[in-house]
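Top to bottom, those sequences are chains A and B.
In terms of the numbering used here, the first sequence opens at residue 1 and continues consecutively.
In terms of the numbering used here, the second sequence opens at residue 216 and continues consecutively.
Derived by calculation from the structure, the hints in this document are not laboratory data.
Think of the CB as a built atom: it goes at the ideal place given N, C-alpha and C, for glycine as much as any other residue.
Take these hints with a grain of salt, some might be off.
[Stated by the list, open to error] Distance ranges between label pairs, derived from CB positions:
no.	chain 1	residue 1	chain 2	residue 2	range
1	B	ILE244	A	GLY159	37 to 45 Å
2	B	LEU260	A	LYS54	26 to 34 Å
3	A	HIS188	B	LYS333	47 to 55 Å
[Claimed, not checked] With a straight-line cut-off of 20 Å between C-alpha atoms, the simulated PhoX-like cross-links for lysine-lysine are:
no.	chain 1	residue 1	chain 2	residue 2
4	A	LYS128	B	LYS333
5	A	LYS173	A	LYS112
6	A	LYS55	A	LYS16
7	B	LYS334	A	LYS98
8	A	LYS98	A	LYS126
9	A	LYS199	A	LYS7
10	A	LYS128	B	LYS434
11	A	LYS9	A	LYS54
12	A	LYS7	A	LYS179
13	A	LYS135	B	LYS334
14	B	LYS334	A	LYS128
15	A	LYS135	B	LYS333
16	A	LYS128	B	LYS251
17	A	LYS54	A	LYS16
18	A	LYS57	A	LYS9
19	A	LYS55	A	LYS9
20	A	LYS210	A	LYS199
21	A	LYS9	A	LYS135
22	A	LYS54	A	LYS7
23	A	LYS71	A	LYS9
24	A	LYS194	A	LYS212
25	A	LYS179	A	LYS111
26	A	LYS57	A	LYS70
27	B	LYS435	A	LYS126
[To be verified] With the Cβ distance kept under 7 Å, some of the chain B side facing chain A (calculated, not the full set):
no.	residue
28	ALA330
29	LYS334
30	ILE335
31	ASP337
32	ARG340
33	SER341
34	LEU357
35	PRO360
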Amino acid sequence: MIKSNLKFKIETEVDKLILNASLEINNEIVCIFGPSGSGKTTILNNIAGIINPKKGKISINNNCIFDHQKKINTPIRQRNIGYAFQDERLFSHMNVIKNLTFKSKDQILLKKIINIFNLENILYRKIKNLSGGEKKRISLGRSLIGNPSILLLDEPLSGVDEERKFIILNFLKNLSLKKSIPILYVTHNMNEAKYLSEKIFEIKNSILIKRKIID
Amino acid sequence: MTAFESSAFFLSIKIGMLSTCFILIPGIIIGWILAKKNFFGKILLDSFIHLPLVIPPIGIGYILLIILGKNSYLGNFLYENFNISLSFSWIGAALACSIMSFPLMVRPIRVLMEAQDKKIDDAARSLGASEFRIFLTITLPLAYPGILAGLVLAFARSIGEFGATIAFVGNIPGETQTLPLALWTLIETSNNQNEIIRLGLISIFLSILALLIATSVEKKFLDRLKNDKK
Numbered sequence: 001m002i003k004s005n006l007k008f009k010i011e012t013e014v015d016k017l018i019l020n021a022s023l024e025i026n027n028e029i030v031c032i033f034g035p036s037g038s039g040k041t042t043i044l045n046n047i048a049g050i051i052n053p054k055k056g057k058i059s060i061n062n063n064c065i066f067d068h069q070k071k072i073n074t075p076i077r078q079r080n081i082g083y084a085f086q087d088e089r090l091f092s093h094m095n096v097i098k099n100l101t102f103k104s105k106d107q108i109l110l111k112k113i114i115n116i117f118n119l120e121n122i123l124y125r126k127i128k129n130l131s132g133g134e135k136k137r138i139s140l141g142r143s144l145i146g147n148p149s150i151l152l153l154d155e156p157l158s159g160v161d162e163e164r165k166f167i168i169l170n171f172l173k174n175l176s177l178k179k180s181i182p183i184l185y186v187t188h189n190m191n192e193a194k195y196l197s198e199k200i201f202e203i204k205n206s207i208l209i210k211r212k213i214i215d
Numbered sequence: 216m217t218a219f220e221s222s223a224f225f226l227s228i229k230i231g232m233l234s235t236c237f238i239l240i241p242g243i244i245i246g247w248i249l250a251k252k253n254f255f256g257k258i259l260l261d262s263f264i265h266l267p268l269v270i271p272p273i274g275i276g277y278i279l280l281i282i283l284g285k286n287s288y289l290g291n292f293l294y295e296n297f298n299i300s301l302s303f304s305w306i307g308a309a310l311a312c313s314i315m316s317f318p319l320m321v322r323p324i325r326v327l328m329e330a331q332d333k334k335i336d337d338a339a340r341s342l343g344a345s346e347f348r349i350f351l352t353i354t355l356p357l358a359y360p361g362i363l364a365g366l367v368l369a370f371a372r373s374i375g376e377f378g379a380t381i382a383f384v385g386n387i388p389g390e391t392q393t394l395p396l397a398l399w400t401l402i403e404t405s406n407n408q409n410e411i412i413r414l415g416l417i418s419i420f421l422s423i424l425a426l427l428i429a430t431s432v433e434k435k436f437l438d439r440l441k442n443d444k445k
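Please work from the sequences and hints to get the whole structure.
Structure follows, in structure tokens:
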């Protein structure tokens, strides 16, 4: 099996402070835990290409997508990243199914996601008529469809009911293992982080470091 | 309505419709550029688009006559090769109206496109969408009310257009004599005050109707956009 990976070593700005983050993720889930405003989302935005690091390198599957020295900066749409945004960013003028199939109409994965994410009954509903938890599930589902090389998940399950949450967390664990997709998972919830991975990082003094887990 | 009134009324509608058709696509493109793009000279483009609001309309009509009149190079070329004569024709009147109403077409489109959340575009990019696809599937559907409001506003402006039209295409009954030109003719020639008032009221009615539609459409959809953001 080809090992996919995400590697980055970046220097980026968060609230006028320089944040240093460096990490290598193989086909596994790595969690970033910590309070709001520490720069978790900024790291994801740097990898996605929504904002550019001040310095550093980012590569996916050993292909460089950003290098400030070599002036490499692959456009967002060519990075093939699945990104579940903290604020969902669903297309409000489309219904649920159109949001889900925006990137790809892959029916097999679509059916699986509809089933696991419990979306059967809301497929043709408008986005504005949905609850927060429903929007979260759609945003996460949308990011998984279309065969992304890596997944960036920014608090994807906040507001989702506990029972469904663990069904989805198991699905993500399987996806990372079986499809060999590196997942960077940002959360406020330590239980969620511990359930998903042993590799939990946090941002301390503007540096991304591994967190010591005390049970 | 008398034959004189109905001829001016329907000609105004015909010219108004063609003039809005002329500027629909350019209006959407310029609105999109002004709302979404940052570039050197943007202020200049913005000012240039708004020129018809400040230049005397008769001046624009005169410029059109110089550029597209039969004695001009371009006007002569169009006439010789395609048998198209814009000056003193109703199509020329529509062209003059479209230039005068262009800023009103662009404005609501631009406002709606600027009001759109730019983060949504990033979400679409992260899903592999090209800029063209984002324009077609995100920007354009969300700006639809602005386009509709722009169309109606531009149409209303065309209905009231006088200066540029009379300078470029003259005042030919049945060909270029729209409601304002017919009204002017009556004021100049008729002694019947009632006739003048009647035509004036018809013009006002048509313009107010178009404006009411434009305002309510824009308000309704701006409200919807705000609700969607919540």
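How the hints compare with the structure:
no., hint, verdict
1, B:ILE244 - A:GLY159: 37 to 45 Å, "40 Å, holds"
2, B:LEU260 - A:LYS54: 26 to 34 Å, "32 Å, holds"
3, A:HIS188 - B:LYS333: 47 to 55 Å, "26 Å, violated"
4, A:LYS128 - B:LYS333, "18 Å, holds"
5, A:LYS173 - A:LYS112, "15 Å, holds"
6, A:LYS55 - A:LYS16, "15 Å, holds"
7, B:LYS334 - A:LYS98, "18 Å, holds"
8, A:LYS98 - A:LYS126, "10 Å, holds"
9, A:LYS199 - A:LYS7, "15 Å, holds"
10, A:LYS128 - B:LYS434, "19 Å, holds"
11, A:LYS9 - A:LYS54, "11 Å, holds"
12, A:LYS7 - A:LYS179, "18 Å, holds"
13, A:LYS135 - B:LYS334, "16 Å, holds"
14, B:LYS334 - A:LYS128, "17 Å, holds"
15, A:LYS135 - B:LYS333, "19 Å, holds"
16, A:LYS128 - B:LYS251, "25 Å, violated"
17, A:LYS54 - A:LYS16, "12 Å, holds"
18, A:LYS57 - A:LYS9, "5 Å, holds"
19, A:LYS55 - A:LYS9, "8 Å, holds"
20, A:LYS210 - A:LYS199, "7 Å, holds"
21, A:LYS9 - A:LYS135, "32 Å, violated"
22, A:LYS54 - A:LYS7, "16 Å, holds"
23, A:LYS71 - A:LYS9, "15 Å, holds"
24, A:LYS194 - A:LYS212, "11 Å, holds"
25, A:LYS179 - A:LYS111, "17 Å, holds"
26, A:LYS57 - A:LYS70, "9 Å, holds"
27, B:LYS435 - A:LYS126, "18 Å, holds"
28, ALA330, "13 Å, violated"
29, LYS334, "5 Å, holds"
30, ILE335, "6 Å, holds"
31, ASP337, "5 Å, holds"
32, ARG340, "4 Å, holds"
33, SER341, "4 Å, holds"
34, LEU357, "6 Å, holds"
35, PRO360, "11 Å, violated"
Hints 3, 16, 21, 28 and 35, counting from the list given before, are not met by this structure.
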